[in-house]
Amino acid sequence: KRSPLKPPPTPLTPPPQPRNPNQTPQRHTMASAYDREDGLAPPQPHGGGPADAYDPNYVPDSVKTFVVHLYRHIRDKNVYEIHQMYEGGFQRLSDRLFRDTPWPSAEAVAPYCDGDHVFLLLYRELWYRHAYARLSPLTASHRSESWNNYCDLFSVVLHGVVNMQLPNQWLWDMVDEFVYQFQSFCQYRAKLKNKTEDELQQLKQFDKAWNVYGVLNYLQALVEKSMIAQILEREKEGLESFTATDGYDYQGGSNVLKVLGYYSMIGLLRIHCLLGDYHTGLKCLAPINLNQQGVYTIVIGSHISTIYHYGFANLMMRRYVDATKEFNKILLYIIKYKQYHQKSPQYDQILKKNEQMYALLAICLSLCPQNKLIDENVSTQLKEKYNDKMTKMQRFDDEAYAAYDELFSYACPKFITPSPPVLDQPLTNYNQDAYRLQLKLFLYEVKQQQLLSGIRSYLKLYSAITITKLAQYMEMDEATLRSV
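What the sequence shown shows, in the UniProt record's numbering, is residues 1 to 484, in sequence order.
The set of hints was computed from the structure by calculation and includes no laboratory data. As the structure is a prediction and not an experimental result, all values here were calculated from the model. Glycine residues also receive a C-beta, built at the ideal position from the N, C-alpha and C atoms. Misleading hints may appear alongside valid ones.
Computed Cβ-Cβ distance ranges for the label pairs, DEER-style [said to hold, decoys possible]:
| hint | residue 1 | residue 2 | range |
| --- | --- | --- | --- |
| 1 | 379 | 347 | 45 to 55 Å |
| 2 | 380 | 55 | 13 to 23 Å |
| 3 | 409 | 115 | 23 to 33 Å |
| 4 | 196 | 246 | 27 to 37 Å |
| 5 | 238 | 72 | 14 to 24 Å |
| 6 | 345 | 230 | 44 to 54 Å |
Dumping the calculated DSS-like pairs for lysine-lysine here, alpha-carbon to alpha-carbon at most 27 Å [claimed, not checked]:
| hint | residue 1 | residue 2 |
| --- | --- | --- |
| 7 | 325 | 414 |
| 8 | 343 | 389 |
| 9 | 338 | 372 |
| 10 | 329 | 236 |
| 11 | 385 | 343 |
| 12 | 191 | 208 |
| 13 | 236 | 225 |
| 14 | 392 | 336 |
With the hints as extra help, turn the sequences into a complete structure.
Here is the structure:
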């Protein structure tokens, strides 16, 4: 049966491709994963029905209407209406009907989208993202199901012919959520101390889900299949207009593969930062020129995530000037434009990342003072937040190391250990091991800077003091001092 999502004679939905065992696809949720790194969001205290009354086969009329219209707009490539339903309609229905329960199952809504395979994969992507955001911590089984859905969705994009245009916001959220769910699973898997026997059995049963090689393979495959690096290179010569069109295809084609490939480079940077491989992370981002506007700046979550992880990777590689420049630019951008995002569901996360980047900027400037690189507005905000701590950090004593420890712990990513733990007794928690290692390496680097701080102070003194003043301090005349 030809899927209506594709114009004839090309069928919209290609047949499912066999899953590559060496790759692991991914899934996403509607509530944007912009930095939900601390764990799953708790259930809402009001709204929705009780969880035990949830019927996956019951589809309210408003959901039927939502699915019918979303399916039609995707089929018609009406990006504006898709975006309105994605950003507005889904959230409103979730708040009104599904605050602490899942949406209806994909099987239940299938009759309202002609059972279209691709659309149902997209619907499940929203279904699982909503589950991660709204429901109590998910089991390994749910996490594995979400992983399998991402596998199927990305396999269609990689191996099929998907003739759709989706909003950049949705495509960014897919990649962002994919990385978040991988990170969340690694944290969940490493917390063994209070796991029940059933939870341990599920971990053994679904041990192939969210494998680090599979996650990296899928993102890398999207980058390579989309040929986005070559597209960006040709764009420098005026042979492509990817950035000028915000990644959309106005010739009747699809933007899905190219934009997913573009955002996958940012996803790879984030994953390598979580793993502590900063050099590889920056290498993955190299095709994107951060010195000019790009598709990464269109979506506020993408913009902030890119600069946050880019700046953090440079900080850990002792490239303090590069980190300082980018933190200054993004913090100035947030000062100017955050008011326009106050009604966005991502607003709280924007503010959180904003605070974290001020902490990282304070670290950079304490290790490598570059006040001339900082805008006056950013400098004022920084002094209000961290002036006392920056004064302490200049001394390199115990209080200074405590301040560095505090700011790093607050502002760093939630590092992960990608390898599964040994499920033997006695069971302990391993979820903090990667963080402790990165903190240890960072504080070791701070101690190495102590000698440089003393040298910097002397250089500053000798570049400002006059010969006459110096001779007085050394209790000798100027002629003798010059001859020493």
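Against the structure, the hints:
| no. | hint | verdict |
| --- | --- | --- |
| 1 | 379 / 347: 45 to 55 Å | violated (24 Å) |
| 2 | 380 / 55: 13 to 23 Å | violated (55 Å) |
| 3 | 409 / 115: 23 to 33 Å | violated (50 Å) |
| 4 | 196 / 246: 27 to 37 Å | violated (48 Å) |
| 5 | 238 / 72: 14 to 24 Å | violated (37 Å) |
| 6 | 345 / 230: 44 to 54 Å | violated (35 Å) |
| 7 | 325 / 414 | holds (24 Å) |
| 8 | 343 / 389 | violated (33 Å) |
| 9 | 338 / 372 | holds (24 Å) |
| 10 | 329 / 236 | holds (23 Å) |
| 11 | 385 / 343 | holds (25 Å) |
| 12 | 191 / 208 | holds (18 Å) |
| 13 | 236 / 225 | holds (20 Å) |
| 14 | 392 / 336 | violated (30 Å) |
Comparing the model with each earlier hint shows violations of hints 1, 2, 3, 4, 5, 6, 8 and 14; every other hint is respected.
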